[in-house]
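There are 2 protein chains.
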Amino acid sequence: MRTGIATVCLSGTLKEKMQACAIAGFDGIEIFEQDLVTSPLSPEDVRKMAADLGLGLDLYQPFRDFDSVSEDILQENLRRADAKFKLMSRLGMDTILVCTNVGTATIDDDSLRAEQLSRLAELAGNHGVKVAYEALAWGKYVNDYEHAHRLVDTVDHPNLGTCLDSFHILSRDWDTAPIEAIKPEKIFFVQVADAPKLSMDVLSWSRHYRVFPGEGQFELAKFMGHVARAGYSGPVSLEVFNDVFRQSDVERTAVDAMRSLIWLEEQSAKWLDAKAASLAAEGVSGDSPANAAGRRRYPMELATLPKVAEPAGFNFAEVKTDEPAQLETLLGQLGFEFDGRHRTKDVQLWSMGHARVIINEQAPSHSEPAIAALGFDVDSPVIASARAQQLKAPVVPRKVQADEEVFQGIAAPDSTEIFLCQGSPDGTAAWTSEFGQTHEFGEGLKHPTAGAQAAIDHVNLAQPWQHFDEAVLFYTSALALEPQPFAEVPSPSGLVRSQVMVTSDRAVRLVLNLAPMLQQEPGQKGNGARKSYQEHIAFAVDDLVATARAAQARGLDFLRIPANYYEDLDARFALDPAFLATLKELNLLYDRDANGEFLHFYTATVGSVFFEMVERRGNYDGYGAPNAPVRHAVQYDSLHAHH
Amino acid sequence: MRTGIATVCLSGTLKEKMQACAIAGFDGIEIFEQDLVTSPLSPEDVRKMAADLGLGLDLYQPFRDFDSVSEDILQENLRRADAKFKLMSRLGMDTILVCTNVGTATIDDDSLRAEQLSRLAELAGNHGVKVAYEALAWGKYVNDYEHAHRLVDTVDHPNLGTCLDSFHILSRDWDTAPIEAIKPEKIFFVQVADAPKLSMDVLSWSRHYRVFPGEGQFELAKFMGHVARAGYSGPVSLEVFNDVFRQSDVERTAVDAMRSLIWLEEQSAKWLDAKAASLAAEGVSGDSPANAAGRRRYPMELATLPKVAEPAGFNFAEVKTDEPAQLETLLGQLGFEFDGRHRTKDVQLWSMGHARVIINEQAPSHSEPAIAALGFDVDSPVIASARAQQLKAPVVPRKVQADEEVFQGIAAPDSTEIFLCQGSPDGTAAWTSEFGQTHEFGEGLKHPTAGAQAAIDHVNLAQPWQHFDEAVLFYTSALALEPQPFAEVPSPSGLVRSQVMVTSDRAVRLVLNLAPMLQQEPGQKGNGARKSYQEHIAFAVDDLVATARAAQARGLDFLRIPANYYEDLDARFALDPAFLATLKELNLLYDRDANGEFLHFYTATVGSVFFEMVERRGNYDGYGAPNAPVRHAVQYDSLHAHH
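Sequence order for the protein chains is P and F.
Counted the way UniProt numbering counts, the first sequence spans residues 1 to 643.
Counted the way UniProt numbering counts, the second sequence spans residues 1 to 643.
The following block holds chain P by itself, in its conformation from the complex:
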């Protein structure tokens, strides 16, 4: 698949954008006119720079408001087009995007439109230019790709073809199947964008909220499948207007964009395989002769990625700090066992059943505890790592001794290190043998409870606002996690946006939180960002009340839940008074839905980390969302009390 991206997706100057596209590995770009107009580079400079960078200049865009006008305006528009065609010749470009008229159209007449487009095609032909005609979702008279293509068919000129843009088609819920009926030589260009399903006017939605494929909710694999089955094999190019991407680091965004196309390529191939299988089962080819011939002549090549399966679970979570004392105390009080120090590294291992927590002391001095890494159990760490790297995830360098297990590590967009570990059927981890008991404890912690069972239930990571969509695509594409519907939780410092990512069996639950602006670290950029917002690791146990009692006996500093909460809980759920008293006594939180019940408690925060213990009863699948505002408020209060 020939990959492309419009310069309007990215921040910076035209030069910076082109360089970032080349680094990210795009085959070609669309030049957004304003990027050229505002650039000090001459058209000849741009042409040379693109050639040096190995970037095709695949589309000049946009040319607006051409058709459906009176003759005097048409003359004016042809003059304008002539100037742009000459400019394109200096740029060495041969395809221009012409959108259906939004602003100046006054005559709704298809035969007039066809005649005007025919004159444009004729002029374009004289300059060796191809016109790709695109229906905007909010076009005044033409807002539907089939309508636009009927005009192209009517004109039937070699220099006029169709441009298909997934946003303009899917935002209007147009059926995509008829794309297959379009003759391949009449599709001049394909643009792709994803978007969250928002109910707002389509223009605002388009101009601000488009995202890269895999970051929204459009059925893009199906769209691309129909495009491929039409016999199209030209550029597939991203055109994504997004307020955040326009502000973010240009190279990071270009890589995120490229990852989305690589992922889309794989998803499209899967869709095509399934389609072919279902057609074969029905005994039909489903092809028009033109498209079948087109596909034979120029098949769209869809590269494959190393396969991925959902991770089977969390292998470990790692907290980094050079001041581990408070963490050790907290884990001991929760009931974790100390499994010793690593034999070559300055690292401790703590566990409670299959819940393993690493305290990594290889941190700069005065580093407060922060979640630094997560391990996931996968079938094959090497294959998973190869996949992630083909998806352009940055590799985490890690020194290992000859006889130690090699971890395959990649960096997530928020800088958390993700390790792809060899899972085992019994939930143990071979690498734990590299740890041995060498550490001295205080009196109270010498004999932590042995044999308690727990597992990591979920991990909650704070995301910088510039990289939230990128993170969703990263975990979707590299780790096969599935995004759940978005939630928003009020806190005293603002709304916290929360995106749950899970495996189908819920063995892995990852929560990505977008914290309010004012809580974010200024100047976060790249993978070196420091984390300032609280994050946590939640452990699931069988008996939360017993766990809490034991922790209380060991002196755990629970997050204190206000009495008002228990009154409201009672008003809502009419709980058994003894049970309510236990909840209140132990600072436990409670939730219930049609599927089951949820009990949980939080520890105090150390650095930017705290822990949660949870018990799921029945098939409760949530995270106690109604209790999250309480947690935020109490944490806010204790933070402000400290200051």
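By construction, these hints were calculated from the structure, which means they are not laboratory data.
Note that the structure is a prediction, hence the values are computed from the model and not measured.
Note that CB positions come from ideal geometry on N, CA and C, so glycine has one too.
Check each hint, because a few of them may be wrong.
[Claimed, not checked] Label-pair distances were calculated between CB atoms; the ranges are: (1) P:LEU112 / F:GLN484: 32 to 38 Å; (2) F:ASP173 / P:ARG549: 53 to 59 Å; (3) P:GLU323 / F:ASP173: 56 to 62 Å; (4) F:ARG172 / P:ASP542: 48 to 54 Å; (5) P:ASP505 / F:ASP45: 44 to 50 Å; (6) P:ASP82 / F:ARG172: 49 to 55 Å; (7) F:ARG207 / P:ASP505: 30 to 36 Å; (8) P:ASP542 / F:GLY103: 30 to 36 Å.
[Unchecked claim] In silico lysine-lysine, DSSO-like type, Cα no more than 30 Å apart, as pairs: (9) F:LYS584 / P:LYS86; (10) F:LYS15 / P:LYS584; (11) P:LYS270 / P:LYS197.
Following the hints, complete the assembly by docking chain F onto the known chain P.
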């Protein structure tokens, strides 16, 4: 008018919110349930604290999903209500908001609803509680205030009344005139919120984008006028869900909120006067007997503010720096005359006709030039200042000698100092006599062009994102500027949102720009914020080409416009080749619309300030918006070249 605010409008804990409301001067508050549930304060603590702060506890809210349910759920809901009524008694509160059912309603039957509401009213009566029933715009069966009120009327119970919320009424475009037909004793509560006109689903719109009155586009004075004419004289309370306000400094937001009610009070009184006049002209009273009686008994008292007229023009603009050399050079090259230094302060005056620029050198060392103050010509500085202070604008302290003009100064939300100056018919300013020629110039600037005419055309100020809406209300209410429709301009670092505020004769044009996040100073808060985004002052001249030629001869460092811009300009406008050559030679920008033409150029930036010279031909009323991306791109480029 009794002023109120819901705690959900503000950031922080319940305690912080209550304190901020008291400081801002609210009469009462609505307690948003979650703020109480998450608070460590007991209901008794809250009651005492409110009493100590002099805050009424006017409304407990919300109680959701009560009516239109099956009998078993109703029993459950009555139990839930009973618990809340008991809680309210501990809080010493007597009114609760009950919203129409959104989530659990299954039976659409007004007689059943009336019966269920009647049982609720009966229970409430036993606890001395009044139920204020409110139609949510997205209520499942009841989403219209008239429908909700018909139910109240049917039940006809002293403990059941209506709550009117401007958002739920105006977002659905319901007619507000029928409010006048409601009996005053049946209106238990009134909530007000403004909002920008957005076409999105009404729930998202409501939950994220509400703003304080005067910051949106709803006809709130009319809504309030009908409410007052109904005979209502209870609390008028803000309920504004806004993502930004929830993150902003709680005391600032509370003051902004209070300002919006004070302003709304004035606007409502104006609407009522106009209404009374028009009814008197028609010879009708327009009253129902009940409402007329209600109004006589408990008239809504609408406080008046000192009157305001639009400013007649800019009096001056002030730039602050302790390193003025580059600024002096720039102003001299533009054709400004040096009018001398102030006789007691470390301040210079430069002028070109009526355009006056003060360079204030009383700045901390190494302060790069930044726009620090603006002077506006008003009829009466004392009245205007009194008005601004009643609108809670912070006063700027300024030392003056006995024989100097006293400036009335207030601080705008972005920390710019706004001075209210005595205008004069001939555009001169008396205070200029405090300046005298004492300064030495370099050779090239000894005799700047005398007699050149100019005026300040507009000033462009960057706004921190937390205070953008506040700034709109500030200039609307304190200075009578009128907000124009919002615009968005692409820049290499993201979209710049631009809000023009003008007087009706366009003598004052102020542009508030909301810069992309990454260009904003971290930790901006309060009035001490340092500015990091570029701002500018634009001067209007009669002959821009001559002005530019003279400036070029004096060696001015123009903002260099790329050649591509002129090619595109020619493609768009087919300009006369000689004129185009002049534009290109002098780095002039050009725009044209149906009303006229606009020529302008920019200087290089010094510190965070640059200047613009403009010429308006015909009735051109814009700011060259199509050229703004070019300006942003070139400024971005030169900024990055410096680094």
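Structure-based check of all given hints:
1. With their beta carbons about 36 Å apart, LEU112 of chain P and GLN484 of chain F fall inside the hinted range of 32 to 38 Å.
2. Distance hint check for ASP173 of chain F and ARG549 of chain P: the Cβ-Cβ separation is about 58 Å, which falls inside the suggested range of 53 to 59 Å.
3. Taken as a hint, the range 56 to 62 Å holds for the pair GLU323 of chain P and ASP173 of chain F, whose Cβ atoms sit roughly 60 Å apart.
4. Range check, ARG172 of chain F to ASP542 of chain P: about 50 Å between beta-carbon atoms, so the 48 to 54 Å window is met.
5. Range check, ASP505 of chain P to ASP45 of chain F: Cβ separation about 46 Å, and the 44 to 50 Å hint holds.
6. Between ASP82 of chain P and ARG172 of chain F the C-beta distance comes to about 50 Å, which sits within the given range of 49 to 55 Å.
7. Checked against the given bound of 30 to 36 Å, the beta carbons of ARG207 of chain F and ASP505 of chain P, roughly 33 Å apart, stay inside it.
8. In this structure the supplied range 30 to 36 Å holds for ASP542 of chain P paired with GLY103 of chain F, their Cβ-Cβ distance being about 33 Å.
9. The straight-line distance between the Cα atoms of LYS584 of chain F and LYS86 of chain P is roughly 20 Å, inside the 30 Å bound, and the hint therefore holds.
10. Under the criterion of a C-alpha separation no larger than 30 Å, the hint pairing LYS15 of chain F with LYS584 of chain P is consistent with the structure, at around 23 Å.
11. At most 30 Å may separate the alpha-carbon atoms for a hinted pair to count; LYS270 of chain P and LYS197 of chain P meet this at roughly 23 Å.
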